[in-house]
Amino acid sequence: METILSVHDLQKTFRLSKKQQKLEKDHKTCKVAVNGLDFEAYRGEVFALLGPNGAGKTTTLRMISTLIKPDSGDCIVDGASVVKEPGLVRSKIGFLTSELKLEDFFTPNYLFDFFSDLHGVPQQERIVRKDKLFGTFGIDQFAEVKVANLSTGMKQKTSIAISLVHNPDIIIFDEPTNGLDVITAKTVTDFLLSLKEEGKTVIVSTHIFSLVEKLADRVGIIINGRMASCGTLAAITAEKCLEDVFFDIYVKEAGSDEK
Amino acid sequence: MKNNLNTIIKKELSRFFMDKKLLLTTAILPGLMIYIIYTLMGGMFSSILQTDENYVYKIKAVHSSENTENFFSQAGLSFTEIGANELDDAKQDITDGRLDLCIVFPESFDTAVSAYDIADGTPAPEIQLYYNSGETASLESFQTANALFDAYENSMINKFDVNTSEAVYDLANGTDLMSRIMTSIVPMLFLTLLFSGCCSIAPDFIAGEKERGTIATLLVTPMKRSSLALGKIISMSVMTLLSGISSFLGVALSFPKLANMGDDTNIFDFSALGIPEYAVLLLLVLSVVLVLISLLSVVSAQATTVKESSTAIGPLNIVVMIIGIAGGYMGATDANVLTSLVPIYNFAKCMSAMLCGTVDMANIIVAILSNLVYTALCTWLLTKMFNSEKIMFPN
Ligand SMILES: Nc1ncnc2c1ncn2[C@@H]1O[C@H](COP(=O)(O)OP(=O)(O)OP(=O)(O)O)[C@@H](O)[C@H]1O
Ligand SMILES: [Mg+2]
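Protein sequences appear in the order of chains A and B. Per my numbering, the very first residue in the first sequence carries number 1; after that it's consecutive. Per my numbering, the very first residue in the second sequence carries number 260; after that it's consecutive.
Simulated from the structure, these hints should not be mistaken for laboratory data. Be careful, since some hints might not be right.
[To be verified] As a list, the in silico DSS-like pairs of lysine-lysine whose alpha-carbon atoms are at most 25 Å apart:
id	chain 1	residue 1	chain 2	residue 2
1	A	Lys25	B	Lys649
2	A	Lys18	B	Lys483
3	B	Lys649	A	Lys28
4	B	Lys566	A	Lys101
5	B	Lys279	A	Lys69
6	A	Lys84	B	Lys566
7	A	Lys18	B	Lys566
8	A	Lys69	B	Lys280
9	A	Lys155	B	Lys317
10	A	Lys101	B	Lys317
11	B	Lys279	A	Lys146
12	B	Lys280	A	Lys101
13	B	Lys350	A	Lys19
14	B	Lys566	A	Lys31
15	B	Lys279	A	Lys155
16	B	Lys269	A	Lys155
17	A	Lys101	B	Lys350
18	A	Lys22	B	Lys649
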């Protein structure tokens with residue numbers, strides 16, 4: 001199997017502001033969000049990062065997509081280092097989180113063209129991709145409606161289409177079904193599976209077991225910024241169901257943290 | 260990556276032109292406001308400074324003399340004779356604005372004058388003029404009468420009087436002060452309007468994008484951060500410039516009204532401002548727009564919300580105004596090229612000098628070039644900020 005993403009000893013510590021310090025126990029001035037993380041993802045698979053709130057999932061995905069820089073360690077994305085060639089990495093990935101918003105004043109149609117321009121997608125290719133993506137998500141219906149007037153589900157669908165204008169090989173998706181109703185959520189998960197069918201690599205983060213069970217080929221359980229367990233879904237759930245495995249690991253990890 | 264720059268500029272500008280509210284507050288209102296304010300101001304000043312041309316001065320005289328009456332009527336002035344006992348009433352009328360002037364001649368003035376000998380050493384016959392300096396018509400009638408008596412005095416004794424036009428000189432001094440105030444106010448007004456244009460743009464286009472999470476969407480694309488910074492500054496400058504042109508039109512259209520406030524009261528010397536000068540002025544405005552917008556962008560970028568950004572800009576507004584007033588006031592006298600390196604000050608200084616009729620190219624070029632350097636510096640800083648995760652993703 002070909003490794004398309006490899007994460008080496010990734011480390012990220014945030015210095016906390018006064019306000020953030022008050023929320024932390026012991027009023028610590030720093031927060032280790034990601035602590036020596038190692039994992040790999042293979043071409044054509046769905047890899048899920050599973051972890052509780054504050055485990056460091058978003059921070060990890062942000063480092064892979066070059067929005068923030070690691071303190072140490074590196075991620076190699078299809079041969080490009082996030083530390084040394086962030087621009088190249090950006091052109092290889094499609095990154096999507098609920099915190100990436102679209103401008104209210106524009107229509108999905110305009111935004112699709114705008115982001116195609118930024119990615120340098122040729123005119124001909126752009127038309128084909130727009131047809132396909134807008135068709136898949138039914139964006140045709142509201143392609144000329146300003147984002148401000150779209151529902152959450154419509155916005156999410158538009159965001160997905162726009163993050164994929166350049167037909168990236170690697171799709172990174174933070175909490176793909178957050179805030180979506182069951183119907184839109186199913187559209188999204190089905191679409192992610194169809195991307196896998198096309199041979200794309202999909203990295204998702206979530207705290208929802210069922211989503212992992214439905215989507216993932218391999219799963220990494222991340223707790224307190226460390227990889228507690230990583231392997232194929234089949235191997236991890238060989239003896240117990242995913243939920244039980246997760247809680248066993250969580251209790252063990254939390255215990256080791258107390259010491 | 261030059262394409263990306265165009266893409267960003269195009270996007271920001273279409274956003275601007277699509278947002279009707281933004282368009283109204285930045286591009287249309289400033290010009291309209293300045294036009295209305297200036298027209299009102301011009302109207303106000305002219306009504307203060309100028310009286311109706313057909314106005315007949317209401318003048319009364321005690322012990323009026325025949326010769327002076329003739330002399331006055333030649334100048335188109337006439338007065339009604341009153342008794343000495345009515346003088347107090349007349350004075351009250353002047354204070355109340357019902358009467359413009361009261362002339363009190365000595366008894367049998369004509370004979371006293373012709374009998375008067377300078378060498379004699381006795382005091383000359385004295386004419387008293389009662390007037391009200393708070394009333395334009397009264398002041399004017401006083402000045403006219405004063406001048407007439409001087410002329411009359413000259414014609415009588417045929418000698419040269421040096422002090423004749425003292426009152427005229429006073430008027431000239433008043434105009435100078437006025438014009439100085441106006442030439443320092445106009446650049447400041449420009450700065451105020453440009454600044455308020457920037458204030459409704461920069462927080463929205465920089466901090467607003469952070470707050471709404473739309474800038475992150477841009478930052479995950481392979482576009483260069485410098486393209487984003489420069490694209491934003493250029494497009495926001497175009498918007499501010501539109502707002503500036505709107506103000507400029509407002510000023511240009513209302514200038515004639517403001518400038519011709521009185522017959523002799525020509526506040527600005529417009530003979531010096533031709534098309535090339537207006538073009539230079541426009542370049543000057545453009546350069547200060549770049550400085551203002553890039554400065555506000557940097558201030559705005561460190562804020563996390565539009566509100567926070569507006570709060571941070573508040574104190575800056577005061578600083579800019581103070582520097583602007585200083586520059587406007589010094590404009591007429593400060594020819595030092597070094598002070599043209601000071602941003603904002605250089606704009607107010609050069610513009611006010613131009614309004615005074617001085618087009619000092621050395622100062623203007625230094626001002627424009629240094630403003631471009633400051634803009635480049637701010638763009639570089641903004642690029643750094645777009646690259647900084649602490650600033651772009653504080654939590
Ligand atoms: N910019 C930041 N400044 C300070 N602390 C941060 C910052 N970003 C993240 N953290 C902290 O780092 C830890 C990991 O955060 P992260 O968002 O990666 O968790 P997560 O696994 O995505 O959790 P969730 O399920 O809540 O999204 C948290 O404790 C969070 O408070
Ligand atoms: Mg998260």
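Q.
So, against the hints stated earlier in the document, which numbers end up violated here?
A. Numbers 2, 5, 6, 8, 9, 10, 13, 14 and 17, in rising order.
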